[in-house]
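Here the protein sequences come in this chain order: A and B.
Mapping to my numbering: the first sequence position 70 is 118, numbers consecutive.
Mapping to my numbering: the second sequence position 96 is 864, numbers consecutive.
Think of the hints as simulated: they come from the structure by calculation, not from any bench.
Errors might be hidden in some of the hints.
Taking lysine-lysine and the DSBU-like style, the derived pairs with C-alpha atoms no more than 30 Å apart in a straight line are [as the list claims (entries may be wrong)]:
(1) A/Lys542 <-> A/Lys417
(2) A/Lys346 <-> A/Lys417
(3) B/Lys1029 <-> A/Lys304
(4) A/Lys189 <-> A/Lys158
(5) A/Lys407 <-> A/Lys396
(6) A/Lys315 <-> B/Lys1029
(7) A/Lys396 <-> A/Lys322
(8) A/Lys323 <-> B/Lys1029
(9) A/Lys161 <-> A/Lys286
(10) B/Lys1029 <-> A/Lys322
(11) A/Lys531 <-> A/Lys519
(12) A/Lys286 <-> A/Lys346
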Amino acid sequence: MSRARFALFSIIPLALAAAFVGPGTSQSQSQTPKSGGVLNMMLREELSQGFSIHETSTISTVWPAMPCLNNLVLFDPLKKTESVDTIIGELAEKWSWQDNYRNLVFFLRKGVKWHDGQPFTSKDVKFTFDMLREAPDAPAKLRINPRKDWYANIEAIETPDTHTAVFRLKKPQPSLLLMLASGYTPVYAAHVPPAEYRTNCVGTGPFKLKEWRKGEYVEFVKNPDYFVKGRPHLDGLKYFVIVERGTRQAAIQAGKLDVSFPGETTKTAAEQLKKAVPQLVITPFSQNVADNIIMNIKKPPFDNLKVRLAVSHAIDRRALIQAVHQGGAVVGAALAPKPWGFWGLAEKDLLGLPGYGAKAAEEKALARKLVAEAGFSREKPLKVEIVTRAIAVYVDMASFVINELKQVGIEATLKQIETAQWHAMATRGDYQIGANLTGVGPDDPDANYYENYACGSPRNYSQYCNEEVMKMFDAQSQELDPKKRLALNAAIQKKLEADAARPILDWKLDYFTVWPHVKNLIPHQSIYNFGRMQEVWSDK
Amino acid sequence: MAVRGVEIGVPAGARPRARGWVVLARFAQKKPLGAAGGVLILVMLLTAIFADVLQTHDPIATDAAATLAGLSAEHWLGTDHLGRDIYSRIVHGARVSLIVGVASTLLGSVLGGIIGLLSGYAGGTTDLVTQRILDILQGLPLLVLALVMSAALGPAIHNVIIAISIPIIPRAARVIRSSVLSIREMQYIEAARSLGLQHLRIAFRHILPNTIGPFIVLCTAQLGSAILVEATLSYLGLGVPEPYPSWGRMLSVSAAEYAQKAPHLVLFPGIAISLAVFGSNLLGDALRDTLDPRLRGS
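Hey, can you work out the whole structure from these sequences and the hints?
Here's what the structure looks like:
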């Protein structure tokens, strides 16, 4: 498939999704941007991994760390949709696929400086991606490497000169470019130990770290040496940590903060805000985050497929969307469904999958039967401990799930885990069952499968491993025919749900809220990719 | 029993025993506010005991079709953001509040009482060292100490009980010790010593029963604080874990978010907490006035 064809193939669904992104965005690209001003933003919790995006799996870190870093390429901050055609260069001025998607060559910008004054070169690119793919001769190692499997197909990274980097792949993988364009894929400085990013941020990005007062705020100032002339427009950014959701909402309503936190404004909250302050600009968009159930397949009772399927059948997805999200989510399988995403299964295809049936009572009856077949009864009930992150959006979902499980004879108690422990605990498999949210950088099958379902991936919290399915992952990854790739992905998603690998409950929408003076902060179709802030300006 | 308890050194049977209801009637007549507090605590107690009977819905059952519903015949006090019946959650929340309040108060008061008894009776270096340790504990406010304990132990009902009871220990120890210091100097204690009774027997058999008055006052006074601390811990996410209802948790996180649209989410749990603490404080004050000879009649 030609690059153009692939691009066209990717853009159609995203254009569809764009049509559903509601009106009222604050963006006014026709206006001449003003320079100056500081935006006050919010954080829902402390930065548990500092600015070390490569060691994190949460928007809580990506959102405040993005302004100080750069990628090789990035999804255009000014475009709502994300596709291969909306990718722009950052540290790479140009790039080129060669040898039928086997080699990806980046031509790097010259004259770029790190915030400490050191020059940026291809050495930094090789350092970063050798570290990420855990190459045998990698000069550094991350403490946690959640997206290691995004880069498993990279055979070698060559740097013929200081401003060229070549990614040599084991097999064709067009999706690699989309993964490199995610907010999860910044370039680190080779001369800075990776551990330092947990406390400091030495980037090339539009903003430099001024101060991080733990538990209170993170402050950035404009990088006067930024390689994009005339950017950023703002003089600074200040992110305030406000843990309590109602307080955050009150702060934006009162005008103390200018921007909501991506993924944290529910439909009802948005309605309340709009009613209280009609001039607020609210933009519904797909978070590319799915509510899901992780079950530790290595431990009883969830090593038993019947028990896993019982859990999946027990949870009424549609009721969950109404109760927990007040309608602000959509039913889907492993990949986000149309029109919010491109690859997800259609409603008619979902109906036959465990837990997706239109009649919740029938699904629950099936769940009870499976629980009984697994050897549990009223006298000998199945008792489990559900873990979840100590964040309101997680706890609400877990509370709903506990009630659903109770109705099919599974008695569950809830244990809340702080973010600092959550990902490590899940990676270790130190749990039975969990109410989880999984966010995927770009809306792309490779990014999702290799991160969350591949054998041995640190983010494969369920520890699901099926060699047959792995072959299907690889087959779709290399498939250049769009129709065939779509069909392969449909089959994979059905298989994953049939195996109850990680039952997906819904795909969440966010109601991103900003004050009208905030311009050019455009939500994409994923919360992870639009936090760079270089184009944002304040019309105050 | 409580009235006799403070009449230190008066042999049992010196006065004719009044019937229980007569004592209560006299108490209500003399201290109507205290009686009202007692009624509130009694109502809370009965609600907690009969929560399963009084509930109209399963307190953890969600209802997608009735989220944030207002007051109605179906949902007397409306529903929360997950469609859970607020009335049923408040009824069951009484159980949690009372269990945590009573258990932590009793645990803290009994442990503190024993420490105070032994410290006061032993005197000397033992008393000095014990009191300095208690000084350190008492230097930390109840809520701060409970927060630290709860964060360290994790959110579970038994951990919340432990977390709240520990700050009560020094307060209880101080109160009981002060009574013991005066009682141990009385002649009947001297007589007991002269008869060769063992120290522990003197302390527990002859001194402890006479500290029961201050002990009851202490317990009722601490009950309100314990209920309030439990609500605070739950509000901060360190109390009884979701989805099981707790008044403090009902006020937290999501309730605050939806409070503008559905004020009943915070109104009714708030009223429940206020009444419980108010009742406990009224009763505690009245008992203190009744049982403390210095305040009697004031």
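* **Violated hints - listed by number, lowest first** => Violated hints (numbers, rising): 7, 12; every other hint is consistent with the structure.
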